[in-house]
Amino acid sequence: MPFSLAIVLVLLVLVLLPMVWLAVTSLRSDSGGPTLGNYRQLVGDASFLRPLFTTLWTSAAVGTVCLLFAAPMGWLVSRSDLPGKRALRLLILASFATPPFLGAFAWVLLGGPNAGLINQWYYALFGLKPFEASPLINIFSAGGMVFVMALYTFPYVFTFIANGLDVIPGELEEASSILGAPAWRTALDVTFPLVLPALLAGFLVAFLQAMTLFGPPAILALPARIDTMTTKIWSLFQFPPQLGLAAAASVPLLVVAIALLRTQTLLMGRRGYSIIGGKSGAITQHPLGAWKVPALALFAVVLGCSILLPYGVLLRTAFVRNWSAPAGLANLTLDNWRFVFIEFSQTRLALLNTFALGVTAATAGTVLATVIGYLCIRRLVWGHSVLGFLATAPVAIPGIVLAVGLFLAYTHPPLMLYGTLAIIFLAYVTKEMPVGYQQIRAALTAVHPELEDASRIFGATRLRALRDVTAPLIRNGVIATWILIFLGSIRELSATILLFTARTKTISVTMFDLRESNDWGPIAVLSITMLLITFAMIALVTRFTQRRII
Amino acid sequence: MTGIARLLMSGLLTWSAVAIPALAQETTQAMLDAAAKEGKVVWYSSVDVKVAEAIAQAFKAAYPKIDVDVERSGSERVFQRINQEHQSGIRNVDVVNSSDASHFLFWKQQKWLAAHTPPDVKRYAPQFKDPDGYYADWRATLSVMGYNTNLVAEKDAPKSYADLLDPRWKGKLVKSHPGYSGTSLTGTYAIVKVLGWDYLAKLAKQDVQQLQSTTATPKSIASGERAVMVDGNEYNMFIEIDRKSPVKIIYPTEGTPFVTSPTAIFADAPHPNAARVFQNFLYTVKAQQLVVDMGGARSLHPDVKEPANRTPLSKIKLLPDDPAAMLPLVGEIKKRYTELFGN
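From first to last, the protein sequence lines stand for chains A and B.
Be aware that the first sequence starts at 1, since it is given in the working numbering, and climbs by one per residue.
Be aware that the second sequence starts at 1001, since it is given in the working numbering, and climbs by one per residue.
Think of the hints as simulated: they come from the structure by calculation, not from any bench.
Note that beta-carbon positions come from the ideal geometry of N, C-alpha and C, so glycine has one too.
Honestly, I wouldn't trust all of these hints.
Using 27 Å as the maximum straight-line C-alpha spacing, the simulated DSSO-like pairs for lysine-lysine come out as follows [claimed, not checked]:
| # | chain 1 | residue 1 | chain 2 | residue 2 |
| --- | --- | --- | --- | --- |
| 1 | B | Lys-1205 | B | Lys-1244 |
| 2 | B | Lys-1037 | B | Lys-1286 |
| 3 | A | Lys-129 | B | Lys-1244 |
| 4 | B | Lys-1060 | B | Lys-1159 |
| 5 | B | Lys-1205 | A | Lys-129 |
| 6 | A | Lys-129 | B | Lys-1248 |
| 7 | B | Lys-1159 | A | Lys-129 |
Stretch-level coverage of chain B by chain A, calculated; a stretch enters the list once three of its residues show a Cβ under 8 Å from a Cβ in chain A [unchecked claim]:
| # | region |
| --- | --- |
| 8 | 1051–1065 |
| 9 | 1090–1098 |
| 10 | 1169–1181 |
| 11 | 1224–1232 |
Please work from the sequences and hints to get the whole structure.
Structure follows, in structure tokens:
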């Protein structure tokens, strides 16, 4: 009982304390008295309403684009005889693992209206001139931002749909075709209604992801003088920070996030009824025939835009003097690498900080998630459902909103954490808690309590049973959790951007600083470094767990 | 403003009580030994990151026992970070360089700076240093216009700020932000004084691409992403020209904003001795010549020679900066600018 209380307390401090500070500050005036002034300014001022509107419509657009592309992709991978599925899933995993702000950097180099390489090719191909003809792509626009956000958000939707289709019994579709329905009819009348909740849930998750991103809007929309809520909140944090307004501006994001997740829970909850009975037989793989060509083309376009082109341009930029000039011999150089790893005094500090944060957040997060997961799944303590709720709650807190709350909670005595890595650590542990908890829950659900019971019947204590029976069985799940939290931490930007100081910079904010002075060579070098670390870690997960992440 | 005043007051209360024993002005052996023990100097600077690191490398070559941590950002961002750190009781910065000279007036008023006159600064003209010895102009640059020579023929290139309002430049301009860059802020102040806000309101309708740093805009036109730069560092333009990038500088006929960029030591610097060794180094002929040759800046050191291919300051119509007059207007300039051009 005291133990579970302690855990509840830890979670309350992590999750609730920043949110209480947020709420209180949003209702307080500069002089400290209660006020609704912050909210009044929020609803009355076009400079707040416009970013809110932009955030809402662009997030909806990202959700829609993701559905249009990821739904057919999910169906093809789950239900057709498409060749190379394993490789395709792996590439989608790579899109998932690419930090969206990296993708945004790369797309500046590809889709800048005049110097962007794709536009340069386009102009050259048709004998056009930049500025005279309109560009093929203008990445510095709301549309460009939606495009890039969708490229790195679609894997969420794809996963929902592919996994959703995987559990829908093939017999239902078979029955339909035996009764004489043509394939399109089966797809429309049987498969589609069954997969509809997954589609809607995918849309909502994509919406939520897009809404909380800071990198792509700051990199792609600000140059076009477009603000979103995240860039707006960030601008309110420029010294002297307008904390009351920033807190109030965070509230709409929070409310929308909670509403999205409530809707999603309702939708996913309903899915259960359609899957009756035990494990179904093999899923029919529809032969695609000549349709293979357009099907593969779809994957080629999406993965080309999210992986091939961005990685290619980053690699190219890392090794040339002038990124927009032809990559001839005279343009080739190792200067960017020398600069980043020898001259640039931020690199070492940022790498060290990033690793320190990644390792500590992953370790603390995994321990906490494992304890909470165990207590909840085995229903060992009073209030286990509260624990589960608190561990999942941060899903609804956008990173930047969490950072506002943490900043408010820890910039004054007794807990003066601002300026230390500790405040960023708290942000990462809290933000990654839901991911960790879900992972551990999944691992623990697979271990039936009977195994522990058996060990206890033979006289083992609960701890002994835990150590000798359960721990070895969930080992892989725990390792996977650690690595997922580590990966989530080393790429974090939207919360870090408000919490870092010169001593506590991470790689992501260092790259953001370099962007403000257009130093693309060093950005490309750091991007490649980050991707290499990411993929090495993912290779480790798959080795340890032989588990599909996507 | 009450909120700002309150924040600054609380910063003042916690930070002004630190007394620093008087240290020598010139670099002595005792100072060097103490500096070596401190191990490093933390330098917040707004100069282009590659120039900053080159200076740091030169310093390390001269003083191998003292490391340099460079924290580079735009002047206004540097100012915000330092004030935020002071307010939160974080001591990190030793030496600061900013291209918004009004920052130094503010910090001096707050008594956050340490008086220290590097030996070379004694020979600087009085208008380039603080009479009380708290700071001196480490470098100067101009906030120039510029264009990409592949995209704009010389005869068509704009010659003045007024020319930029021509419809043919719509969608082709790139500009830095006074909320981020001290050079841009100083330039904006000068432009407003000559042409008024009315001019900027019209410019805002030209579909200007809004970047942050005045180091970014020269790189943007060099890459061909935009054709004409409204404001950018003259020194970055010199660097681009030395690299054979297809760009040319425009000194607008209305006049070119002259931007001084002082450095100073903080009174509560965590590495006070290393800070003084570094500050002394920054003003030596060697460092100054490096900032001019490699960094493209204008030096105020009487012994420094300018490369032959650069237009001498005497041939350019300058709009001088006026930090004291600008200081009270900074908040308003940023606000009005952001209303016109966004964040």
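Here is what the structure says about each hint:
1. Taking the CA atoms of Lys-1205 of chain B and Lys-1244 of chain B, the gap is about 32 Å. The hint is violated against a cut of 27 Å.
2. The suggested pairing of Lys-1037 of chain B with Lys-1286 of chain B holds, with an alpha-carbon distance near 25 Å, which does not exceed 27 Å.
3. A hinted pair counts as satisfied when its Cα atoms are at most 27 Å apart, and Lys-129 of chain A with Lys-1244 of chain B qualifies at roughly 22 Å.
4. The suggested pairing of Lys-1060 of chain B with Lys-1159 of chain B is violated, with an alpha-carbon distance near 43 Å, which exceeds 27 Å.
5. Restraint check for Lys-1205 of chain B and Lys-129 of chain A: the C-alpha separation of about 24 Å stays at or below 27 Å, so the hint holds.
6. The straight-line distance between the Cα atoms of Lys-129 of chain A and Lys-1248 of chain B is roughly 20 Å, inside the 27 Å bound, and the hint therefore holds.
7. Between Lys-1159 of chain B and Lys-129 of chain A, the direct Cα distance comes to roughly 23 Å. Compliance with the 27 Å bound is thereby established for this hinted pair.
8. Only residues whose C-beta sits within less than 8 Å of a C-beta in chain A count toward coverage, and the region 1051–1065 of chain B has 4 of them, enough to reach three; the restraint holds.
9. Only residues whose C-beta sits within less than 8 Å of a C-beta in chain A count toward coverage, and the region 1090–1098 of chain B has 3 of them, enough to reach three; the restraint holds.
10. Check result for the region 1169–1181 of chain B against chain A: holds, 4 residues qualifying (beta carbon to beta carbon below 8 Å, three or more required).
11. With a threshold of 8 Å between beta carbons, the proposed coverage of the region 1224–1232 of chain B by chain A holds, since 4 of its residues qualify and at least three are required.
Violated hints, listed in ascending order, are 1 and 4; each of the other numbered hints is respected by the structure.
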